[in-house]
Structures are given as C-alpha cells and as structure tokens.
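Taken in sequence, the protein lines are chains V and W. FYI, in my numbering the residues of the first sequence are 73 to 555. FYI, in my numbering the residues of the second sequence are 641 to 994.
Honestly, the hints are just simulated from the structure, not real lab data. Glycine included, C-beta positions come from ideal geometry on N, C-alpha and C. Any given hint could be a false lead.
[Unchecked claim] Chain W regions said to be covered by chain V (calculated; three or more residues, Cβ under 8 angstroms):
(1) 911-925
(2) 931-941
[Stated by the list, open to error] Simulated restraints, written as ranges between beta carbons of each label pair:
(3) R878(W) with R129(V): 52 to 62 angstroms
(4) E361(V) with I692(W): 34 to 44 angstroms
(5) P671(W) with N74(V): 51 to 61 angstroms
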Amino acid sequence: MNHPFIQALQQIYPAERLLTRDVQLLPYESDGLTAFQTKPGAVALPVDEDEIISTVRLCHQMEVPFVARGSGTSLSGGSLPIADGLIIGLNRMNRIKRIDPRGRIAVVEPGVINLHITHAVEPYGLYYAPDPSSQSICTIGGNIAFNSGGAHCLKYGMTSNHVLGMKVVLADGTVTQFGSESLDGVGIGPDLVGLFVGSEGLFGIALEITLRLMPAPQLYRTVLAAYDNLGRAGDAVSMVVASGLLPGAMEIMDRLSIKAAEAAVAAGYPPDAEALLIVELEGEALQVEAEFAQLQGVIEESGAFEVRVAQSEEERARIWKGRKSAFSAVGRLSPDFIVQDGVVPRSRLGEALQEIDAIKSKYGLDVANVFHAGDGNLHPLILYDGREAGALERAEALAGEILAMCVDLGGSITGEHGIGMEKRDYMPAMFSDQELEIMMALRRAIDPKEIANRGKMFPGVEAPALQQHGLHPLEKQGVISRE
Amino acid sequence: MNANVPASIGELQALVKAHDRIHVVGNGSKPALHHGAGDAALAGAGGFCGIIEYQPQEFTLTAGAGTPVSVIAAELKRHGQYLPFDPLLPNSSTIGGTVAANLSGARRYRYGGIRDFILGARVVDGLGRAFRVGGKVVKNAAGFDLSKFLVGSLGHYAIMTELTFKVFPEPPQHRALRLRYAALPDILDAVYYLNQNIYELDALEFAPADAGWSLLLCLAGFEDTLPSRILALQESLRADTAGLDGGEGDDVNAAWQPLAGLTGDYLVKVALAPKQIPGLDARVSHLKRRYSIGGNLAWVATDDLKMLDALLLEQGLRGLCIRGAASSPLLGMPLEVSLAARVKQVLDPMNKFV
Ligand SMILES: Cc1cc2nc3c(=O)[nH]c(=O)nc-3n(C[C@H](O)[C@H](O)[C@H](O)COP(=O)(O)OP(=O)(O)OC[C@H]3O[C@@H](n4cnc5c(N)ncnc54)[C@H](O)[C@@H]3O)c2cc1C
Numbered sequence: 073m074n075h076p077f078i079q080a081l082q083q084i085y086p087a088e089r090l091l092t093r094d095v096q097l098l099p100y101e102s103d104g105l106t107a108f109q110t111k112p113g114a115v116a117l118p119v120d121e122d123e124i125i126s127t128v129r130l131c132h133q134m135e136v137p138f139v140a141r142g143s144g145t146s147l148s149g150g151s152l153p154i155a156d157g158l159i160i161g162l163n164r165m166n167r168i169k170r171i172d173p174r175g176r177i178a179v180v181e182p183g184v185i186n187l188h189i190t191h192a193v194e195p196y197g198l199y200y201a202p203d204p205s206s207q208s209i210c211t212i213g214g215n216i217a218f219n220s221g222g223a224h225c226l227k228y229g230m231t232s233n234h235v236l237g238m239k240v241v242l243a244d245g246t247v248t249q250f251g252s253e254s255l256d257g258v259g260i261g262p263d264l265v266g267l268f269v270g271s272e273g274l275f276g277i278a279l280e281i282t283l284r285l286m287p288a289p290q291l292y293r294t295v296l297a298a299y300d301n302l303g304r305a306g307d308a309v310s311m312v313v314a315s316g317l318l319p320g321a322m323e324i325m326d327r328l329s330i331k332a333a334e335a336a337v338a339a340g341y342p343p344d345a346e347a348l349l350i351v352e353l354e355g356e357a358l359q360v361e362a363e364f365a366q367l368q369g370v371i372e373e374s375g376a377f378e379v380r381v382a383q384s385e386e387e388r389a390r391i392w393k394g395r396k397s398a399f400s401a402v403g404r405l406s407p408d409f410i411v412q413d414g415v416v417p418r419s420r421l422g423e424a425l426q427e428i429d430a431i432k433s434k435y436g437l438d439v440a441n442v443f444h445a446g447d448g449n450l451h452p453l454i455l456y457d458g459r460e461a462g463a464l465e466r467a468e469a470l471a472g473e474i475l476a477m478c479v480d481l482g483g484s485i486t487g488e489h490g491i492g493m494e495k496r497d498y499m500p501a502m503f504s505d506q507e508l509e510i511m512m513a514l515r516r517a518i519d520p521k522e523i524a525n526r527g528k529m530f531p532g533v534e535a536p537a538l539q540q541h542g543l544h545p546l547e548k549q550g551v552i553s554r555e
Numbered sequence: 641m642n643a644n645v646p647a648s649i650g651e652l653q654a655l656v657k658a659h660d661r662i663h664v665v666g667n668g669s670k671p672a673l674h675h676g677a678g679d680a681a682l683a684g685a686g687g688f689c690g691i692i693e694y695q696p697q698e699f700t701l702t703a704g705a706g707t708p709v710s711v712i713a714a715e716l717k718r719h720g721q722y723l724p725f726d727p728l729l730p731n732s733s734t735i736g737g738t739v740a741a742n743l744s745g746a747r748r749y750r751y752g753g754i755r756d757f758i759l760g761a762r763v764v765d766g767l768g769r770a771f772r773v774g775g776k777v778v779k780n781a782a783g784f785d786l787s788k789f790l791v792g793s794l795g796h797y798a799i800m801t802e803l804t805f806k807v808f809p810e811p812p813q814h815r816a817l818r819l820r821y822a823a824l825p826d827i828l829d830a831v832y833y834l835n836q837n838i839y840e841l842d843a844l845e846f847a848p849a850d851a852g853w854s855l856l857l858c859l860a861g862f863e864d865t866l867p868s869r870i871l872a873l874q875e876s877l878r879a880d881t882a883g884l885d886g887g888e889g890d891d892v893n894a895a896w897q898p899l900a901g902l903t904g905d906y907l908v909k910v911a912l913a914p915k916q917i918p919g920l921d922a923r924v925s926h927l928k929r930r931y932s933i934g935g936n937l938a939w940v941a942t943d944d945l946k947m948l949d950a951l952l953l954e955q956g957l958r959g960l961c962i963r964g965a966a967s968s969p970l971l972g973m974p975l976e977v978s979l980a981a982r983v984k985q986v987l988d989p990m991n992k993f994v
C-alpha cells in the first residue's frame, strides 16, 4: 500500500489499531460469501466517530477506496475488501449510547451487534424487532447497509422500518444528520433515512443510529404443519393470508432441508413430511388467542397431515431451532453450497418452486428450499462439490436461472442479502439502463471519486477470482447459522 | 388553481421539458403547500388516476399518483384491507399528495407511516426522464431506495405518476376509549406507561379538553375479545396512571380524525418526540392543538404563523403548514441539505421543481 497514505493513517491510529501485515489482514480477506477473497491494503479499527470521519476524509483526499466492515457476515460480498484499499473495521464502535425506555428508542454506534440491543432493553420489556438469523453476530451498520430482514419481518418490516434517525459521514467526508427521535422519523422533508438504509455502504458510513424499540410480545402461538407436498404448504400460506390474519412469521422448509435439520439438531420434525409450514402469531395475549382459534381452522382445512402447536417456550424454541439451523445443516450434507436470495410475488410461490425443480434437474444438482413464505422471499440452497470440474460454474449458472425466474415472475433478485459483489451482473435484469445510470449518478454525486465500496452493486467492474463456496468460518464453529 | 393536467407520461415529460419552473399539485387539498409556487407552471397529477394493479393476496396495490385516496380506500375495503399508514385527508387528497407531504392519520400508530408501506414508484424527473424506483413486491433489497426518499419530498425532486404500496388486512372491529386526565404531565406518564406495555393500540391521541386533558385510545381486533381488551386497558390505566374518568363508547371516528376542531388560519404539522411536548405545549397553550401517534406528532392551529415558525426554530423542531396562505410551508429548523442536495443535483439539476 502507498506510503504517504499509511503514514497519514498513522497520525490517526496507534499501531495496534492499524493493521498492515499480511497475517493481520488475513481475517479480513473475505466475508460471508466465501467464494471471493481479496487482500486489503490495510485495516483501520476506529474507536470513535472522529477517527472514522478523519479516515474517510483522508481516503477522499488521497483517493483511496475504502470498505466499511461490521462483522463481515454479508452473503453477497458486500464487505469484501477492495484490493489495496482500506477496510474500516467498526466492531469497536460497539457502544449503546443511550436507551430511553419511555420513548422506546435506543441510540447506538454502528458496530453494536443486533442481538445485544434486545439484551440491553429486555429489562424494560422491550426488544429490537428485525431478526436476521445472523443476529448474534451481525452489526447494526451492516443491517443498515442491506436493510436486513429475518423471519419476523412480515408484520413490522425490515431494518429500515426501525431506524428513526442517523448521523453519517458521506463518502466525500461531509458529516450530516437526518431523522429524529420521533416515531415519525424524518417526518418533514424527504425521507433520507429511507434512502440511506439499503445503500450497501456506497454512500458513506453510519456513525450513530437512533432505533425504534417495540414492546416484547406477551404471547407467541407457534404452529408447525406437515404436508405431503410442497405446493400444498404454499397454498396454506395463501389461505392464511386470505383469511385476514397477519402472522409475525410464516416459513416453509422442503424435504431436503427438513432432513438436514433433523440430522443436525433433532428438532423432532415429522419424519415423512415433504414440506413444513411454521406459522407464528405474536402480540397481546387476548388478541393472539383469538387469532390462533382462526388460524387453527385454516390450517385444518389446508390438508396438513400433522399439526403441532408449541405448548411451551422450549417446544417453540425447538421448532425454530430446526428452521434456523436448516441452511448450515444442509451445508453439512454437501462439500459446497451457494445460498440464494430472491423474491417472487407470494401467490406465485408454487410456480416458482416447480420451476426451481425443473431447473435443478436440468443441471443435475440438488437444491434445498427454505423460505420466508409470508413475503415470497426464497432462499434456495444450491449443493455442489467444488472438487468436481465445472461444478461451481454449473451451480452459479443454476443460481442465475433462479434469479432470472424471480424477475420474470415480477419479483426481485434480492430480498435481504443485497447486491454486493455477487449480484452486480443481475442488476440489468431488474433495472433499465436509464435507471441504473440514475443510481450511478446519485452515487457519484455523493462520492465523486467512487471510493466507498467501489466495485459493488453496479455491473461491469472486474470481480476478484472465485475461490470456493462453503460455510462461513463462524458457521463451521457453530457460532451462527443462516436462514 | 389552473393546472396543466397531462394525460400521459409523454405529455408530462413534454411539460417538464417546456417549462423552467414547475409546481406539482394533486387535488389542492393542502393549499398551504402551493402558495410559494409563484409563477411556476402547475402540473396536476389528475391524469394519472386509477388503480393499476391490486392483488389482495399479495398485500400490494399500485395506483396512479393522482388517484383520490377515497377510491383506493374503498377498493381495499371491498377486500377487507386498508392502508395502515392511514392517509390524513381521506376524502379530499390524492395518494400522490399524501406521499409528497407525508401526511398520516391517527392509525399510523399501529404499524407505521407512509415510508414503511411505500414499495415503489414511477416518476418523471426534472430532466424529463421517466423511470421506476423501488419494486412491486413486499420485499426488495436491490438498488437505492429512492421510493422512500419521495415520502415528504413535496414534489421538489420528481413528479410521481404511479405508486406501489404494501397493504394489510383490516382488523374486523374497532373500539375507542376516552379517559380524562388533570394535566399534561399525567397524560405523558400514561403514554410512557403504554409505551412499555404490550397494548397493541390502533391509535393513541391526546388533546386539551374542557377541564384538563383527554386521552383517546383505539383498539382493533376481533369482536369477541375486544370488550375484555378494552376493559383490561381501562382498568390498568385507572390503576397505574392518573386517569380520572371516562370510558368506552366514543365513536372511533373521533379518534381517527386528528384535525377535527382545529380551527385557525394556519394548520401546522410538527414532528417531535413525546419528551419535547412539555416545552412546546407551554408556549402554545393558547392555541388549538392535538398530539397524535402517541405524542410523536403535533397538530397546531394558529393565526400567527411567524410566531410559530420562530418558536419551532427555538425549540429545534420542524413544522409543515398544510392550511393557510404561507409563503413557504416549511417552518422551524431548516431541512437537511447535504444528502438531499445530492439527490436534487441528479434528479432536478436545473431546479425546475418548486
Ligand atoms: C449464517 C448467516 C445467516 C444470515 N442470515 C440473514 C438473515 O436472516 N437475514 C438477512 O437479511 N441477512 C442474513 N445474513 C446476511 C448478513 O448477516 C447481513 O447482511 C448483515 O446485515 C451483515 O452485517 P455485518 O455486520 O456482518 O456486515 P458486513 O458484512 O461487515 O458488511 C455488510 C455491508 O455493510 C456495510 N457496512 C457495514 N457497516 C456499515 C456502516 N456503519 N455504515 C455503512 N455501511 C456499513 C459494508 O460496507 C458492507 O457493504 C446472514 C449471514 C450469515 C453468514
């Protein structure tokens, strides 16, 4: 890396927080999309806002590309380094600055772990709602970059719906602030919070975030229904929706993922099920009980061959454990895999699943399906053996066909994992040249030198070499699992 | 108002290209937003009228930006659904105007505001380009989310022609509860109490009433459980907060119409947090006012806009005037300029939209 830049960084950081040696850089070479690896020029570990601001200003001045990094769990290569660029690692920016239980807000630094917020506000009967299955490790900064979701986003939305205000440093070093502590957020004037959330680290770095908290549900009612075919489980989702119910979560697992989850965590799922549907109601006890009575009627009519209702918190946890571990469980069945993330209109779920079936037979690869059925968000998991010549390329091609199908059915190429490095080339399938040009112009208006997360989101930039797919190192250690 | 009403995107693009200054109007239901337009050409959204796509099963609805909110609400109602962000002026405004001014009613309290339910839009920008932002499905993380940016943008960046929203099933029944409190601090304590307890309120409003303050709550749900939920709520408010008297029986519509009785030349929306209310209220106690969505929004009616403007600035608050001949609808603290200016530079570099 160039010396004047490193020297300038040394003015900001003590040696132990400025990593430049190869061994120190190794852990930062990749993120949750392990297929890509790039060595950064240096890693800076700021501990306060001023350090971040000075660093961004320096990068802008000396035209050095940077990538903000939370916990590096991005599944789309969003936090992948730029060769010879700077990684700004935000894990030490992990203070919860203020909790106001009466106003139901928390003000946090970007490196705070998602689940830590809920832990901190639990004593007040509150929680932070968005629940990506990486929530025990991923950061609010990363969640903001991708507008991350989770199983429980049908009713109360994704990250964006829970951010009321923020202070950011734009890529050109401008520090600005928008939103407020009001539930109305920005309230008056264009919703800049909404624009910044989901910008994948291309606009700049979130320095301080005001989050909305919610009262913890008084009661959950969790139903597990087993079906003898996947289509029927999909139809059941439509029936639940048509009945006017609004569950907190609706998830489906197919046969392969059920088997894998069973083998991995013994969730006690019905062994001969072709598909499982999990529906969870949450909220005020009396209301949940009334909804539950209605839900039972719908599920009965939906042709499930077995229905279980969690009778205790332990049983509920067990149902979810199987679901939440499904992907890493499937991953254990196969040397390598690709997690996909696409969206189709809910009513076309059945069609989409049939189509995936047809595509996978064509490629001779296995695909396990686990998805947020309530909002049509598919997570097909493509299994392959990287040691077989051409297998990775076939898996990639299969993944591409699934994304194309999502767009054809009127959906999206990503519901929550973002475009990052991985899906840049699929952007033109969703957006016209003009729409892409306008987005790129906006990026340049904010970041004229295109230094923030250069090479992400937009097509046409050279990608680092593909290496291999597989479990995230933390999944291998059993620290996290994916949905 | 004599607006040009383009009938097609092509006509709208031509209009934008032909004029140096353009001001967008929906139905003109918030006249205060239009007084500063001066000599700008007026572009009406009325040509983009009607529901374009509605799939109840998908929880999504797409409509022309000039569609009256009432038309959308009626169609949703036929399928047992509603717009959870609760457009503020359901009888007089267009959906585009509601988005541009970010105006929600009392029921926004339950699930969120316009920003939480907008999924995508079609727009024509200041260069006359017609394009799409966001998506049409309930979940989409591709690209920058310019559709949320349009919320509250007052037509200063692009003209919306089509909007897509997430919609929800409407709860079958509603009940309202009204309780009297002696003073504002008691009401705020009740709000804080409710904030930390799981009462899934459809609306939570308060306003000064004859002798003290009145707290208005709404619950939504099933017929058979609503009475006991209302009762439990009432009892706990009596036991744990300083609620004096009152009870069920109010017409829910009263709770849902935050603007009722707010007479005065000017009507102003103020975005604030509940903890900022005491400071503001002490200075506007002579004015008609109401606190909406759990005290996160104030509606203040006044004859003296200058005074209110200065007061909001002093208190670090922002306001939007939606009624009265204001020279600018924006009051109090100036809006953010750094990030918004970049968007302006891209979408409307010639500063056409005013
Ligand atoms: C096992 C597993 C399960 C997962 N499950 C889910 C799931 O259920 N739902 C879901 O949505 N995602 C899921 N993900 C994806 C991932 O966890 C999320 O995208 C998460 O938000 C990333 O957070 P992070 O802290 O790891 O961010 P990183 O990967 O470090 O960074 C992600 C992006 O955020 C940017 N960024 C980081 N901090 C900031 C900041 N302060 N300001 C601006 N930009 C910033 C980075 O530049 C990068 O582009 C899963 C991932 C794994 C590995």
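Here is what the structure says about each hint:
Using a Cβ-Cβ cut-off of 8 angstroms, 5 residues of the stretch 911-925 of chain W lie near chain V, which meets the minimum of three, so the contact claim holds. Figure legend: the stretch 931-941 of chain W, annotated as covered by chain V; annotation consistent (4 residues with Cβ-Cβ distances under 8 angstroms, at least 3 required). The hinted range of 52 to 62 angstroms is satisfied by R878(W) and R129(V), whose Cβ atoms lie roughly 57 angstroms apart. Taking the beta carbon of each, E361(V) and I692(W) are about 39 angstroms apart, inside 34 to 44 angstroms as hinted.
Judged by the Cβ atoms, the range 51 to 61 angstroms given for P671(W) and N74(V) holds: they are separated by roughly 59 angstroms.
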